[in-house]
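**Student:** These are the residues of each chain, in order.
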Amino acid sequence: MVTADEVTWLEHDDIVMGILLDSGEAQAFPISQMTYHHVANTTLAGEPYLVTY
Amino acid sequence: MCSSGVGFDPLIEGTRHTFYASGLYNGLFVMTDDQTGALWTHFDGTVLQGPLAGGEIELELQPIVHMPWGDWREAHPDTLVPISETGYENRYRDVSPGGGGLSDFFESMLIHEDDRLGVGELVLGVNVGPGYRAYLLASVAYDGPVAIADSRAARVSFRGGRRRSR
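Sequences listed follow chains B and Z, in order.
The letter at position 29 of the first sequence is residue 29 when you use my numbering, and the numbering goes up by one with no holes.
The letter at position 166 of the second sequence is residue 219 when you use my numbering, and the numbering goes up by one with no holes.
Bound conformation, chain B alone (with noise of 0.2 Å):
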């Protein structure tokens, strides 16, 4: 994972799909790369997390 700083490959208009804890921490899954991968297996707080598309 990188911060959002790093991010030099998406578009303004690009769509992500988000996951938001209360705490705060999120995480953003581009489309782009779903569509390839299909699944993602995070962890985001400690928090496993599925993320499918």
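Keep in mind the hints are simulated off the structure, nothing from the lab.
Do not take every clue at face value.
To be verified - A few chain Z residues facing chain B, derived, Cβ under 10 Å:
1) Ser-57
2) Tyr-73
3) Tyr-78
4) Leu-92
5) Pro-116
6) Leu-133
7) Arg-146
8) Asp-147
9) Tyr-185
10) Tyr-188
11) Leu-189
Stated by the list, open to error - So the derived label-pair ranges between C-beta atoms look like this:
12) Pro-48/B x Ala-128/Z: 21 to 27 Å
13) Thr-43/B x Gly-108/Z: 22 to 28 Å
14) His-12/B x Val-179/Z: 23 to 29 Å
15) Thr-43/B x Gly-107/Z: 27 to 33 Å
16) Asp-167/Z x Val-2/B: 38 to 44 Å
17) Glu-6/B x Met-162/Z: 37 to 43 Å
18) Thr-43/B x Leu-114/Z: 16 to 22 Å
Glycine included, C-beta positions come from ideal geometry on N, C-alpha and C.
For chain B, the structure is supplied; the task is to place chain Z on it using the hints.
**Tutor:** Here is chain Z on its own, set in the frame of chain B:
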């Protein structure tokens, strides 16, 4: 193509299951979990085939938000994003959810066609109580972070997804 993003809690009876895309079924990709080898649909988190099929196990849906990267970044500047140099970056492509139509290949594998909406019509799916409802995305109104959808049966409003920390 399905154009359907769905989030789940991958804990099953306290054990984390990890998944990978493993095939196509009824116009959708299906996924397999490493722990049992069962085949799952990502539409509702139920088991299609395998050792868990026929039981009452299903993945719990979790809130997930679809929005433009620029808006997401502005709202959540500390967000993390997967790396782009995965070795598959030449396979990534710009997509328009709902666009692209339905190829003959995908149409041929559909078990049941439903002509109530056009192919590629985007909906906002909601599961409340015992059933599922689909609201035409084009008809959904927004009041800040709250989406309001009307149907003949009811007006519903819902706030963008935020998952409670355990």
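**Student:** Indicate, hint by hint, whether the structure satisfies it.
**Tutor:** Going down the list of hints, with the structure as the test:
{"no.": "1", "hint": "Ser-57", "in the structure": "7 Å, holds"}
{"no.": "2", "hint": "Tyr-73", "in the structure": "6 Å, holds"}
{"no.": "3", "hint": "Tyr-78", "in the structure": "13 Å, violated"}
{"no.": "4", "hint": "Leu-92", "in the structure": "13 Å, violated"}
{"no.": "5", "hint": "Pro-116", "in the structure": "7 Å, holds"}
{"no.": "6", "hint": "Leu-133", "in the structure": "4 Å, holds"}
{"no.": "7", "hint": "Arg-146", "in the structure": "6 Å, holds"}
{"no.": "8", "hint": "Asp-147", "in the structure": "6 Å, holds"}
{"no.": "9", "hint": "Tyr-185", "in the structure": "16 Å, violated"}
{"no.": "10", "hint": "Tyr-188", "in the structure": "18 Å, violated"}
{"no.": "11", "hint": "Leu-189", "in the structure": "18 Å, violated"}
{"no.": "12", "hint": "Pro-48/B x Ala-128/Z: 21 to 27 Å", "in the structure": "24 Å, holds"}
{"no.": "13", "hint": "Thr-43/B x Gly-108/Z: 22 to 28 Å", "in the structure": "26 Å, holds"}
{"no.": "14", "hint": "His-12/B x Val-179/Z: 23 to 29 Å", "in the structure": "28 Å, holds"}
{"no.": "15", "hint": "Thr-43/B x Gly-107/Z: 27 to 33 Å", "in the structure": "30 Å, holds"}
{"no.": "16", "hint": "Asp-167/Z x Val-2/B: 38 to 44 Å", "in the structure": "40 Å, holds"}
{"no.": "17", "hint": "Glu-6/B x Met-162/Z: 37 to 43 Å", "in the structure": "39 Å, holds"}
{"no.": "18", "hint": "Thr-43/B x Leu-114/Z: 16 to 22 Å", "in the structure": "18 Å, holds"}
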